[in-house]
Amino acid sequence: MQTIDEIKICRNLKACLDIELDQNCAFGLANETRKDRFARLAAILQNMNAGKSGGGLSGGLASEKLWVELLKDINAANKTKRFTFETKEADADYAYTGHAFSHKTIGCRNKNADLALAWSKNRRGGIVRTFESSMVLVSFRPANPRSKTKFWRTAKTGVYIIPLPKLKQTVRKFKPNNKTSTLIKAAYVVKLMSFAKEEGLFIPLEIDQDRWMKFELSYWKAGDSCVVRQYD
Amino acid sequence: MTLSPQEHRAHCKAIAKVLYEGLEQPCKLGDSSESRKQRLLFLAAVLHNMSAGTKGAGLSGGVAQENLWREMLADMKVGFTDSAPEGTETAEADYYYQGYPLSHKTIGYKAKKPALALAWSKNPPGGLQRKEFTTSMLILNFKPQKLKGNDANWREAKQGAHIIPLPDLKEIVKEFGRNNKTDSLITSEHVGRLIAFSQINGYSVYFNFDNTVGEGLILSYWRGGTKGAVKKD
Numbered sequence: 001m002q003t004i005d006e007i008k009i010c011r012n013l014k015a016c017l018d019i020e021l022d023q024n025c026a027f028g029l030a031n032e033t034r035k036d037r038f039a040r041l042a043a044i045l046q047n048m049n050a051g052k053s054g055g056g057l058s059g060g061l062a063s064e065k066l067w068v069e070l071l072k073d074i075n076a077a078n079k080t081k082r083f084t085f086e087t088k089e090a091d092a093d094y095a096y097t098g099h100a101f102s103h104k105t106i107g108c109r110n111k112n113a114d115l116a117l118a119w120s121k122n123r124r125g126g127i128v129r130t131f132e133s134s135m136v137l138v139s140f141r142p143a144n145p146r147s148k149t150k151f152w153r154t155a156k157t158g159v160y161i162i163p164l165p166k167l168k169q170t171v172r173k174f175k176p177n178n179k180t181s182t183l184i185k186a187a188y189v190v191k192l193m194s195f196a197k198e199e200g201l202f203i204p205l206e207i208d209q210d211r212w213m214k215f216e217l218s219y220w221k222a223g224d225s226c227v228v229r230q231y232d
Numbered sequence: 233m234t235l236s237p238q239e240h241r242a243h244c245k246a247i248a249k250v251l252y253e254g255l256e257q258p259c260k261l262g263d264s265s266e267s268r269k270q271r272l273l274f275l276a277a278v279l280h281n282m283s284a285g286t287k288g289a290g291l292s293g294g295v296a297q298e299n300l301w302r303e304m305l306a307d308m309k310v311g312f313t314d315s316a317p318e319g320t321e322t323a324e325a326d327y328y329y330q331g332y333p334l335s336h337k338t339i340g341y342k343a344k345k346p347a348l349a350l351a352w353s354k355n356p357p358g359g360l361q362r363k364e365f366t367t368s369m370l371i372l373n374f375k376p377q378k379l380k381g382n383d384a385n386w387r388e389a390k391q392g393a394h395i396i397p398l399p400d401l402k403e404i405v406k407e408f409g410r411n412n413k414t415d416s417l418i419t420s421e422h423v424g425r426l427i428a429f430s431q432i433n434g435y436s437v438y439f440n441f442d443n444t445v446g447e448g449l450i451l452s453y454w455r456g457g458t459k460g461a462v463k464k465d
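Chains as they are written, first to last, in our numbering: chain S, 1 to 232; chain G, 233 to 465.
Looking at chain S on its own, in the form it has when it is part of the complex (with noise of 0.2 Å):
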């Protein structure tokens, strides 16, 4: 039953989404659709942290804040608040009408997809970590016609919605690497995110890195217009 309703609510997600990622930003003067004004921070994003040291995890940290931007979007062009971003599950980073996900970002230049259910080693008898909370996975990784992996020859770039017991399910063992005892290897990111096409829970989205590669997001020469009231 519980499984049928965490489908169910990555079903509603993906369809809320699938509808307001083509509605205009309710923020800014752009007139533009949320979708479009994602994919363009997110290229300039994927850019500026693309080949440094670290730029993998500050890519992915900039990425979800990104995308949280664009949840309270939709909230605030709406009289109810769908998205909310204080949870109790450990691994949740917000919920969906009070379920959780947790965001998980592969950026453009990835090459071994492996993620991480949370970024910490913990001695024995510590906190043992396991999944809380269905999984949104952005990934930027484009298809590589060589690659060793057949998802990965034709893979597209867009947003994998995954119910917490597809993970469960699917992720039956972590691996440990120098900074996580919760790695989910490759193999598994693609038995997941293959679930998710097959089962319609996959939006789409196109990146155009090479239009944006001149620019670079900066809060330091934007001046003022940056500088926003809070608004929830």
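Please note that the accuracy of each hint is not assured.
As the list claims (entries may be wrong) - Cβ pair distances, simulated, as ranges: (1) G:Lys464 to S:Ala187: 52 to 60 Å; (2) S:Asn78 to G:Asp383: 46 to 54 Å; (3) G:Lys402 to S:Lys175: 33 to 41 Å; (4) G:Thr322 to S:Asp36: 38 to 46 Å; (5) S:Asn78 to G:Lys344: 55 to 63 Å.
Claimed, not checked - Subject to a maximum C-alpha distance of 30 Å in a straight line, what follows is the list of computed DSS-like cross-link-like pairs (lysine-lysine): (6) S:Lys111 to S:Lys65; (7) G:Lys390 to G:Lys380; (8) S:Lys111 to G:Lys363; (9) G:Lys390 to S:Lys214; (10) S:Lys65 to G:Lys342.
Since the hints were derived computationally from the structure, they do not count as laboratory data. A virtual CB, placed ideally from N, CA and C, is assigned to each residue, including glycine.
Dock chain G against chain S, hints included.
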């Protein structure tokens, strides 16, 4: 880069001088009616308030503050760069002043017992152990001075940019702590000693940071619409 201790210290002294002068000058980019220090502290205050009390705020707040600091350095146009001259890259360096590498650490306004990390990793025995400094350090400290406290160094620690030359860094921090994110933790006690060293020896540049100026405001590329995206220099 093989430099003598004196050369390291001379580089760090030069950087402190450049920062001291540069922070007082008007911004080159954007509104030039404000000094770099004014803009830096205002934007830093907004960033602090944005991340305060949110999950993972220490990490994302630190990254955002470091990015802002880098933008301020770039505005000076005196030779601060993100990349090293070819063949001189070092693992710890976050930016360079005329080719001289610096690693950057941020201490937040609300940090209670600020510890830093040489590297955010835990390698197994036999693996790569990052336990030796290779680069001088700049600690950007937003934590207000508190005259009460057990640690004498922290009682004296002022808000500002504190530079510690590599040989002195190695001398002061001889052992690392560990937690669930790193095996190369620079404990709060050592951080206090590093700041004290910088202050006593004239490697510090001070500012008065008031986090209340950013209350109720956020920085948002999203809400900036098209204006937050600017042409690269």
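Cross-check of the supplied hints:
1. G:Lys464 to S:Ala187: 52 to 60 Å: violated (38 Å)
2. S:Asn78 to G:Asp383: 46 to 54 Å: holds (50 Å)
3. G:Lys402 to S:Lys175: 33 to 41 Å: Cβ of Lys402 of chain G to Cβ of Lys175 of chain S: about 35 Å, so the range 33 to 41 Å holds.
4. G:Thr322 to S:Asp36: 38 to 46 Å: Because 40 Å falls inside the window, the suggested range holds.
5. S:Asn78 to G:Lys344: 55 to 63 Å: Since the Cβ atoms of Asn78 of chain S and Lys344 of chain G sit about 39 Å apart, the hinted range of 55 to 63 Å is violated.
6. S:Lys111 to S:Lys65: With Cα atoms ~23 Å apart, Lys111 of chain S and Lys65 of chain S stay inside 30 Å; holds.
7. G:Lys390 to G:Lys380: Holds: Lys390 of chain G and Lys380 of chain G sit about 13 Å apart, inside 30 Å.
8. S:Lys111 to G:Lys363: Holds, because 28 Å separates the two Cα atoms, which is no more than 30 Å.
9. G:Lys390 to S:Lys214: Judged against 30 Å, a Cα distance of about 39 Å means the pair is violated.
10. S:Lys65 to G:Lys342: holds (21 Å)
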